[in-house]
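Participant: Taking the hints into account, I'd like the entire structure generated from these sequences.
Residue numbers (the numbering used here), protein chains in the order written: chain A, 659 to 987; chain B, 4 to 291.
These are calculated hints, taken from the structure and not from any lab test.
Since we're looking at a predicted model, the values are computed, not measured.
Glycine residues also receive a C-beta, built at the ideal position from the N, C-alpha and C atoms.
Any given hint might turn out to be false.
[Unchecked claim] The calculated label-pair distances, taken between Cβ atoms and stated as ranges, are: (1) A/857 with B/164: 30 to 40 angstroms; (2) A/794 with B/71: 39 to 49 angstroms; (3) A/795 with B/124: 20 to 30 angstroms; (4) A/944 with B/187: 54 to 64 angstroms; (5) A/963 with B/164: 53 to 63 angstroms; (6) A/898 with B/71: 33 to 43 angstroms; (7) B/89 with A/674: 43 to 53 angstroms; (8) A/757 with B/164: 28 to 38 angstroms; (9) B/117 with A/936: 19 to 29 angstroms; (10) A/838 with B/155: 56 to 66 angstroms; (11) A/963 with B/71: 48 to 58 angstroms; (12) A/795 with B/7: 43 to 53 angstroms; (13) A/956 with B/132: 33 to 43 angstroms.
[As the list claims (entries may be wrong)] Some chain B residues flagged as far from chain A (calculated, every beta-carbon gap over 10 angstroms): (14) 69; (15) 73; (16) 155; (17) 189; (18) 236; (19) 259; (20) 273.
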Amino acid sequence: MKDSRLTQYLPYLVVGLLALFPLVESTFYMQLLTKVLILAIFAMSLDLLVGYTGLVSFGHAAYFGLAGYALALMAPKYETVSLWWSLPASIGVCALFALITGTLVLRTRGIYFIMVTLAFAQMLFFIFHDTKLGGGSDGIYIYAKPLMKLGEIEVANLEKLEHFYWLVLILTGATYLLLHRILGSTFGRALLGIKVNEHRMRALGFPVFKYQLASFTLSGALAGLAGYMAAVQYGFVNPEILSWHQSGAVLMMVILGGMGTLYGSVIGAFAFVLLQEVLSNQAWFGIAAKHWQLAMGIFIMLVALYMPQGLAGLAQKFRRKPAEEAADE
Amino acid sequence: MDFAFFLIQLLNGLQYGLLLFLVASGLTLVFGIMGIINLAHGSFYMVGAYLAWSLSSMTGSLTVAILLAIPLTVILGMGLERLLFRHLYQRDHLYQVLLTYGLILVFEELRSLIWGDDVHGVAVPALLNASIPLTENLSYPVYRLAISGVCLLLAAGLYFLIQKTRLGMMIRAGASNRDMVQSLGIDIKLIYTLVFALGIALAAFAGMINAPLSSVFPNMGGQVLIICFVVVVIGGIGSVKGAMAASLIIGLAETFGQVLVPEVAGMIVYVLMAIVLVWRPEGLFGRS
Numbered sequence: 659m660k661d662s663r664l665t666q667y668l669p670y671l672v673v674g675l676l677a678l679f680p681l682v683e684s685t686f687y688m689q690l691l692t693k694v695l696i697l698a699i700f701a702m703s704l705d706l707l708v709g710y711t712g713l714v715s716f717g718h719a720a721y722f723g724l725a726g727y728a729l730a731l732m733a734p735k736y737e738t739v740s741l742w743w744s745l746p747a748s749i750g751v752c753a754l755f756a757l758i759t760g761t762l763v764l765r766t767r768g769i770y771f772i773m774v775t776l777a778f779a780q781m782l783f784f785i786f787h788d789t790k791l792g793g794g795s796d797g798i799y800i801y802a803k804p805l806m807k808l809g810e811i812e813v814a815n816l817e818k819l820e821h822f823y824w825l826v827l828i829l830t831g832a833t834y835l836l837l838h839r840i841l842g843s844t845f846g847r848a849l850l851g852i853k854v855n856e857h858r859m860r861a862l863g864f865p866v867f868k869y870q871l872a873s874f875t876l877s878g879a880l881a882g883l884a885g886y887m888a889a890v891q892y893g894f895v896n897p898e899i900l901s902w903h904q905s906g907a908v909l910m911m912v913i914l915g916g917m918g919t920l921y922g923s924v925i926g927a928f929a930f931v932l933l934q935e936v937l938s939n940q941a942w943f944g945i946a947a948k949h950w951q952l953a954m955g956i957f958i959m960l961v962a963l964y965m966p967q968g969l970a971g972l973a974q975k976f977r978r979k980p981a982e983e984a985a986d987e
Numbered sequence: 004m005d006f007a008f009f010l011i012q013l014l015n016g017l018q019y020g021l022l023l024f025l026v027a028s029g030l031t032l033v034f035g036i037m038g039i040i041n042l043a044h045g046s047f048y049m050v051g052a053y054l055a056w057s058l059s060s061m062t063g064s065l066t067v068a069i070l071l072a073i074p075l076t077v078i079l080g081m082g083l084e085r086l087l088f089r090h091l092y093q094r095d096h097l098y099q100v101l102l103t104y105g106l107i108l109v110f111e112e113l114r115s116l117i118w119g120d121d122v123h124g125v126a127v128p129a130l131l132n133a134s135i136p137l138t139e140n141l142s143y144p145v146y147r148l149a150i151s152g153v154c155l156l157l158a159a160g161l162y163f164l165i166q167k168t169r170l171g172m173m174i175r176a177g178a179s180n181r182d183m184v185q186s187l188g189i190d191i192k193l194i195y196t197l198v199f200a201l202g203i204a205l206a207a208f209a210g211m212i213n214a215p216l217s218s219v220f221p222n223m224g225g226q227v228l229i230i231c232f233v234v235v236v237i238g239g240i241g242s243v244k245g246a247m248a249a250s251l252i253i254g255l256a257e258t259f260g261q262v263l264v265p266e267v268a269g270m271i272v273y274v275l276m277a278i279v280l281v282w283r284p285e286g287l288f289g290r291s
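Facilitator: Here is the structure:
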C-alpha cells in the first residue's frame, strides 16, 4: 500500500488545518464550522450504535437535546456557570437517561427498536413541549456561556468565537480518538461480533445485553456532549432540538458519510451542513431556497437507494484497483 | 364526574381509538406482511385530510370529496409501491427509515407548495350536523358517532378480508413465506402492491373523515404517526387484532388522561408502552 503513509497522517493534517481556521477571520464560517464539528460528535456517537453495534436508533436527538436542557436548567439565570461541573453533570444526565431507556428498548429488535427509540424521544419532546419545566415550546435562553477557570486563571473565554471553536475542535478529536480506541479493544470487537451475529456471540459466552447497554449508554453520553456544546453555541434550547427531524438528520449524516467508519460521520456532518447551506441559499436558488427541504428529501431518498455505503464507500470503491474488483467476482 | 360526562368521554375515547386503528392497521399490515417500516405513513393521513379539505371546498360536499379522494390515494399508494417501496423489501431497515424520512420531507414541502401553510377548517356534512341531547346542557355530536360507526364497519371488513377470503389467505401466506407463495403461481408482487395501497388508503381515509374534527394543518401526520407506532408496539407487529386492542386502550387512556390528569396526559401512552415492553416485549398479540 503506497498511500498508507498519507492516510496515516491525513487526520493530523486535517486537524492542523482546522485549528488554523480562525486566521480566516470570518465569523460566519467559523460559526458554521463549529456547528459542523458539534454535529460530527453527534454523528459519531450514533455511528457507534448504528455502524458498530447494529442498533438503528431513530431517537438519538433525545440525548442531544436533553444535555442542552440539562445545562439550561442547571445554569442560574443571568449568572455564569462553571463548565467543569455543568458539562460532566449534563453528560451524566444523558448517560443515566440512556441507561434507563436502554434497558427498555434493548428488549426489542429490528423494526420494534426503531419505533421504540423514536417513541421515547417523542416522549421527551412532549415533556419539554407541553409542560412548564423547560419553558414550553418557546424554550429557555442561556444568557451567558459557561466559564472555564482554573483557580483565578481563565483557561478559555467561550464568549470568544475562536476559543469556543478550538474547544469544540479538541472535543471532536478527543471523541474520535476515544471511540477509535474503544472500538479497537476487545469490547469493540465484541460489539462488531454482536452486530454480525448476536446469537453466536451469546453462544460464545459474551454478555450481549450488557455490551449493548454499555454501547447505548456511551452513545447517549457522547450525544449529550454534542448537545451541551450546541446549547452553548446557540444560547438557547427549545423542543425542536430533540424533535425527530433532528434524529433523522443525524442518521442521514451517518449514512451519507459511510456508517461503521467513524471518520465517515465527520465527513457526513460536513457534507450534510454544506448541502443544507447550498440548498437554502436564496442568492443561488431564489424562491426555491424556501422549499429547500424538498431537494433535501429527494437527495436523502437517492442516498438510501443508490449510495448505501455513503461517501466513505464511494471513496473506497475508487481507491480499489480494477484487478481487485475482478478478483472478487 | 357524573354519568353523562363519563359517557361523553367514553364515546370520545372509543371514537379516537377507532380512528387510530384505521391508521395503525395499515402500518401494522405493511410491517407484518412486507417487513417494511414506513415513517411516511402519517404523511398519507395528512394527504387525506388536505384532499378532503380542498375537494370539499371545490365541490361543496365532504361526501363527494371523500368519494373522489379515495381512488386518488389508492393510485398514489400503488404508484409509490411500484416506484419506491418495491426496492426496499430486501434491504436493511436502516434504509427503509432513511428513504421514508426523505419521503416525509418531500410530502411536507409539496403540501406547502400546493396547499400552503395555513390551518383550515372543514364543514361537517349537513346530514350529520346534529347532536343528541344527553342532559340539559350536555349533548353528543352525531358526526362523531358516525365516524365510530364507519371505523367499526371498516374494521369488520378488514377482518373479513384477511381471515375469510381467498385474497386474505394469499396475503397471510405471503407474510409467512414469500417464495413459496410465488412458486405456487400467485402473483406476490401484485398482492404487495394491493396491501400497500390498502394501508395507505386507510390512513388517508382516516385523515379525511377526521378533518372536520381536527381541522387541517401542516405536520399533522407526524403526531398521528408516533401514536400509531406506540399502538403497533403495544399490539404486536403484524397483528390487526392487536392494533384494534391497542388503539382502543390508547384512545381511552389519552382521552380520560386529558380529563383526569391533564398535566401528565402526554406521558400516559409512553408509560403504557414502557410497561408493555417490560411485561411482553413482543406486544399484546405479537408472536414471540
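Participant: Now tell me, hint by hint, if it's right for this structure.
Facilitator: Taking the hints in turn, this is what the structure says about them:
One distance hint, 30 to 40 angstroms for the beta-carbon pair residue 857 of chain A and residue 164 of chain B, holds here, with the actual separation near 37 angstroms. Our hint of 39 to 49 angstroms for residue 794 of chain A and residue 71 of chain B holds, since their Cβ atoms are close to 40 angstroms apart. Take residue 795 of chain A and residue 124 of chain B: their Cβ atoms lie about 22 angstroms apart, and the range 20 to 30 angstroms holds. Between residue 944 of chain A and residue 187 of chain B the CB atoms are about 56 angstroms apart, so this pair conforms to the stated range of 54 to 64 angstroms.
Range check, residue 963 of chain A to residue 164 of chain B: Cβ separation about 32 angstroms, and the 53 to 63 angstroms hint is violated. Restraint check, residue 898 of chain A to residue 71 of chain B: a C-beta distance of roughly 36 angstroms satisfies the suggested window 33 to 43 angstroms. At about 48 angstroms, the beta-carbon gap between residue 89 of chain B and residue 674 of chain A stays in the expected band of 43 to 53 angstroms. Restraint check, residue 757 of chain A to residue 164 of chain B: a C-beta distance of roughly 45 angstroms breaks the suggested window 28 to 38 angstroms.
Between residue 117 of chain B and residue 936 of chain A the beta carbon distance is about 25 angstroms. The supplied range of 19 to 29 angstroms therefore holds. Range check, residue 838 of chain A to residue 155 of chain B: Cβ separation about 58 angstroms, and the 56 to 66 angstroms hint holds. At about 32 angstroms, the beta-carbon gap between residue 963 of chain A and residue 71 of chain B misses the expected band of 48 to 58 angstroms. At roughly 34 angstroms, the beta-carbon separation of residue 795 of chain A and residue 7 of chain B lies outside the given 43 to 53 angstroms, and the hint is violated.
Range check, residue 956 of chain A to residue 132 of chain B: about 42 angstroms between beta-carbon atoms, so the 33 to 43 angstroms window is met. Every Cβ of chain A is farther than 10 angstroms from the Cβ of residue 69 of chain B; the closest lies at roughly 28 angstroms, confirming the non-interface assignment. Distance check on residue 73 of chain B: its Cβ is at least 26 angstroms (rounded) from any Cβ of chain A, clearing the 10 angstroms threshold; non-interface status holds. With a closest Cβ-Cβ approach of about 26 angstroms to chain A, residue 155 of chain B is found to remain outside the 10 angstroms limit, as its non-interface label requires.
Every C-beta of chain A lies more than 10 angstroms from that of residue 189 of chain B, the closest at about 25 angstroms, which supports listing it as non-interface. Not every beta carbon of chain A lies more than 10 angstroms from that of residue 236 of chain B, the smallest distance being close to 6 angstroms; the non-interface claim is violated. With a least beta-carbon separation of about 17 angstroms from chain A, residue 259 of chain B lies farther than 10 angstroms from that chain, consistent with its non-interface assignment. Not every C-beta of chain A lies more than 10 angstroms from that of residue 273 of chain B, the closest at about 4 angstroms, which undercuts listing it as non-interface.
Comparing the model with each numbered hint stated earlier shows that hints 5, 8, 11, 12, 18, 20 do not hold.
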